[in-house]
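Protein chains in written order, with our numbering: chain A, 5 to 253; chain B, 5 to 253.
These are computed hints drawn from the structure, not numbers from a lab. Keep in mind it's a predicted model, so treat the numbers as computed, not measured. Check the hints yourself; a few may be wrong.
A pair holds if it fits inside one copy or across any two, identical chains being indistinguishable in the list.
[What the hints assert, rightly or not] Straight-line distance between alpha carbons at most 30 Å, and here's what the computed DSSO-like set of lysine-lysine pairs gives:
#: 1; residue 1: LYS176; residue 2: LYS196
#: 2; residue 1: LYS242; residue 2: LYS221
#: 3; residue 1: LYS121; residue 2: LYS156
#: 4; residue 1: LYS80; residue 2: LYS156
#: 5; residue 1: LYS242; residue 2: LYS253
2 protein chains.
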Amino acid sequence: MSNKPSLHTSLSPALVHLYDLSNSIIVIIDVLRATSTIATALYNGARCVIPVDSVTRCIELGKQLSAVTAGERDGKIAEGLEHGNSPFEYPREFIENKTLVLTTTNGTRLLHMALEKGATEIITGSFANLSAVCDHLLAMNRNIVLGCAAWKDRVNLEDALFAGAVIARIGKHFTVNCDSSQIASLLFREAKGDLFGFLKKADASHYHRLMNFGLEKDIRYCLSEDEANVLPRYVDGKLVDANRAEEEK
Amino acid sequence: MSNKPSLHTSLSPALVHLYDLSNSIIVIIDVLRATSTIATALYNGARCVIPVDSVTRCIELGKQLSAVTAGERDGKIAEGLEHGNSPFEYPREFIENKTLVLTTTNGTRLLHMALEKGATEIITGSFANLSAVCDHLLAMNRNIVLGCAAWKDRVNLEDALFAGAVIARIGKHFTVNCDSSQIASLLFREAKGDLFGFLKKADASHYHRLMNFGLEKDIRYCLSEDEANVLPRYVDGKLVDANRAEEEK
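Next comes chain A alone, as it looks inside the complex:
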């Protein structure tokens, strides 16, 4: 028997209850674009990112904390908020030392589920911070659930691809007895030479949606590795760069 910790992939929030989160680190994955934007904002010096599930709550917290509010509905900045979901909206000149309150539906819901289930640790992952996530998971040597935020519970390609990228890097150090992880790995193996081309060819539904909004640049950025290589960890309602928090101690 292997003593390696386990690694599972949950392809949708509607499947995450199948995995034992209470003894696991969960990586929340919402590649297009929430977790890519979270990594980018923290990389560019945001003090923290507060993920919320509704526009109302976003406005409320924004006022309370004098924070930047952001979120989209149907591809447009949601009414009452100031900014959108694009990582390009959060350069250092703008976001440094600020708090960002971000409303995202899929990722935030999954995060709250993970909280309720008592996950040992909650971090967010995207290609923008792939190495930071993998290094951390290796160092922790704990059970892992790779939690795809998906789209309204429907499995999507890009989140599964990121799960596959993590497994390609660190899978051999874990016990992977999980067909969803095998599927993610196979997808990534097929796609890794050209992630953008892969999503295009498969006519991935979210790729399609964002392309229709003229967001090719966003997609390409969100598929690039280590552009914002921080480790967002959820602590007391906020995502903070765990490595920076450690340095500041």
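With chain A held as given, fit chain B onto it using these hints.
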């Protein structure tokens, strides 16, 4: 805009509520081994197969109908039942003109969900009856949901592979705006030269489980195309060979 009917893949019963079944044909897929065994029993002349979700109900109906009872729990024939889940237990000499009451957990649960959601038509699919399923779906020209029975709601490779096989044959006649279908297609494309080898290499969890029970022959049969090319359709609580029922009219 395309006027083609839609095709979606539900990778787990826990995801099937995301799709509009009320206007769709659903194909219940439980490759290892329930839907392969159902096709085989009907191909070999069983009058009908009655899927039930518990051993108790199986025993009860078996007595009531003087039917053959079958089902396994943890790889063994369940206590009180006569037969197991292997397609090889149902040759013509044995099953012809008999009624088979089969208890399967994953597939039956999905079937009952489809019933509750008012699916237009419920059929079962497996590699053993791939052509019959595809021919029927093409002829009907209705919306389709390929419903993987999975394993206790966990996505599995073999059911996704079968969905991919169906899409490879008939996908171009449908509107496929569904990442799960794209994933299934990619898996099948990767695997089609050697399905058994593919499951082995991926160490698919269910492959692994059955191999441990010494059931390689079952797996190989369940991955072979058109060995029992009938069309099991669920009508009034029973799965009957729809093509034979049509002839007998």
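Each hint tested on the structure:
Proximity of LYS176 and LYS196 under a CA criterion of 30 Å is satisfied in both settings, with 18 Å inside one chain copy and 26 Å between copies. When the C-alpha separation of LYS242 and LYS221 is checked against a cutoff of 30 Å, the pair qualifies only within one copy, where the shortest distance is 28 Å, while the shortest distance between copies is 54 Å. Taking the shortest Cα distances, LYS121 and LYS156 sit within 30 Å of each other both inside one copy (20 Å) and across copies (19 Å). Taking identical chains as interchangeable, the C-alpha atoms of LYS80 and LYS156 lie at most 30 Å apart only when both belong to the same chain, with a minimum of 18 Å there against 39 Å between chains.
For a Cα distance limit of 30 Å, the shortest separation of LYS242 from LYS253 inside one copy, 17 Å, qualifies, whereas the shortest one across copies, 67 Å, does not.
The structure fails none of the hints (numbered hints given earlier).
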